[in-house]
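A.B. asks: Heads up: the protein sequence lines correspond to chains A and B, in order.
Just so it is clear: in the first sequence, position 2 is 2 by the numbering used here, and no numbers are missing.
Just so it is clear: in the second sequence, position 139 is 1139 by the numbering used here, and no numbers are missing.
There may be inaccurate statements among the hints.
Computed footprint of chain A on chain B; a stretch qualifies when at least three of its residues, placed anywhere within it, have a C-beta under 8 Å from a C-beta of chain A [stated by the list, open to error]:
{"no.": "1", "segment": "1078-1088"}
{"no.": "2", "segment": "1154-1163"}
{"no.": "3", "segment": "1229-1236"}
{"no.": "4", "segment": "1251-1265"}
Calculated from the structure, these hints are not laboratory results.
None of the values given here were measured: they were computed from a predicted structure.
Don't be surprised by glycine CBs; every beta carbon is placed ideally from N, CA and C.
Protein chains: 2
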Amino acid sequence: MTRGKIAELIKLNTIFQAPMAGVTTPELVSEVSNQGGIGNIGAGYLNAKQTQNFIEKVKMNTNYFYGINLFVPEKSDLNEVEFDQAKQKFKQAAPAYAQEIPEKIEISHVFAEQIEVVMKEAVPIVSFTFGIPDVTVIEQLKQAGSYIIGTATTVKEAIEIENAGCDAVVVQGFEAGGHRGSFLGDNDLIGLFSLLPQVADSVKIPIIAAGGIMDKRGVKAAYNLGASSVQLGTAFLMTYESSADKLHKKTLLSSVETDAVLTKAFSGKLARGINNEFIEKYKHEREKILPYPFQNSLTKNMRSLAKQQNDKSFMSLWTGQSIRLSKEQSVRDLMNELKK
Amino acid sequence: MTRGKIAELIKLNTIFQAPMAGVTTPELVSEVSNQGGIGNIGAGYLNAKQTQNFIEKVKMNTNYFYGINLFVPEKSDLNEVEFDQAKQKFKQAAPAYAQEIPEKIEISHVFAEQIEVVMKEAVPIVSFTFGIPDVTVIEQLKQAGSYIIGTATTVKEAIEIENAGCDAVVVQGFEAGGHRGSFLGDNDLIGLFSLLPQVADSVKIPIIAAGGIMDKRGVKAAYNLGASSVQLGTAFLMTYESSADKLHKKTLLSSVETDAVLTKAFSGKLARGINNEFIEKYKHEREKILPYPFQNSLTKNMRSLAKQQNDKSFMSLWTGQSIRLSKEQSVRDLMNELKK
């Protein structure tokens, strides 16, 4: 029942708020849904309890459909030699934050617990980034009534997502801010303008276009190119309801499209944000960046302390390439502009 | 008079055939214009006499507006040490073509002569790549009746083009095939989806969108993002009327969007084409690539011999990112599809 209704909505040009982990708040997610879009919880960095609390708060504030996004875990190992080398490099890159290196990097395996919470709470839409979960997980969620969305950055990834039984696919262009959802290698950078029609010709499931869309012009263009719905990140990051740092928002308001770069320095995965000192320090020593999620754990304390200290040289200032279109506004005003 | 009519055409969604140097033929250019678009001569590699002959042949075959594209020359020097190092690297990268290294690299300065020919022939549209010519050149051409177009890959470049007195600007996205027209540094890679609306908000002159547009979907999307007209390269490269090598066309028909990469290996300037052995050999030794036009001269004989020998590992197989949309057809059929 729910699945069928969501399928209809997605065919009919619905606005998705991108599930930006660390930036979404229950207020943001519920307000987007209340304004006729689909709000999405960025649960990538939450544990099971936090995931549950977040869902409960969203449910209290909206009766409309909303979604949750989970990071699909990867198998990866860290050896002591690599960790030591990465710590040395970090000290050189961010000497003022040398005290913030964690003694041990422990990776919590929360994915299975998150799936349990999501099923118990019957979340209407469940999207995945960094991969495709096991078919059994997808089937369980579908049987529990959830609508399932994968994230692709190439045609091949979109086809795999369709073949795995996902109901729709977020197609993320080169322009997108924050983490790229790639899972079949991260060398392939395809602009949204080229990617959308090629995916549209290759899969039957509906496409949700993401990357560089900030206003009505982008929304219309995405539909022209074969998308059924659109997903906006930076535009929602800039709203009053997001928890993006004030300095982050202020920086975007005074930046231009060429200020954003792709880097693995913060997390070990390719992501787009405003270039700064920390990113520059790793530019010629990319081999000293640990794979995700280890680099993410390594830089975690630095990122939160830098934010407290308003030190934007060491903050992750995620943004897509349409930076000049940024403006601070309410979710209601943004949604009204997009729906025009 | 001519300038005013062309200005009207560009505002009214006209299809430009990209001036692909080495690929355009008089038949291609004139047929595009005869079919309601604007054909463009890619004169970047022609001398004054060849430029004149090409224009004469186009004029014989069409009474409609057409254009010519010139490369704006840059001041650059080559020292013996760099040249020797580049020759060594070339021998290692393309041992089968070691005999094809020119003894001396001589750069012909044809730009001023080309401008004279263009003025004498009263070419209706003159576009520039790799920079903006002196204001005096622009003014002379405008007084002679030509409509002037610059090429930009960032907002800043578009603003400089407008300020220099150009009548319109080609806005070239990250997705584009062949050479990037950048002239204020080549590190800035902006997807067309993000670039178009940001340029549209920053300049008053009309925008001609380029990069990844292959069919009606892309044409409509470009107009929604703020373009007045569009320019297609790969789609016209694939027509029967282009002189692109058969193997080049065949390769595109069996390639996918992730097969194209940006490289400086062939010319010294960043360009997008199908990845191959020659490009791979330079991947980790980019510092051994000579600046344009020296690298272009260094690899020239190799490229033409490789083409003769059907050796696609050493050919420059330029293409944009929308490779899966390639099809061989006549200019007439392509234009009819685009005008639908």
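A.B. asks: So, for every hint listed, does it hold in this structure?
C.D. replies: The hints, checked one at a time:
1. 1078-1088: violated (count 0)
2. 1154-1163: holds (count 3)
3. 1229-1236: violated (count 0)
4. 1251-1265: holds (count 3)
Violation of the numbered hints given earlier is confined to hints 1 and 3; the remaining hints are satisfied by the structure.
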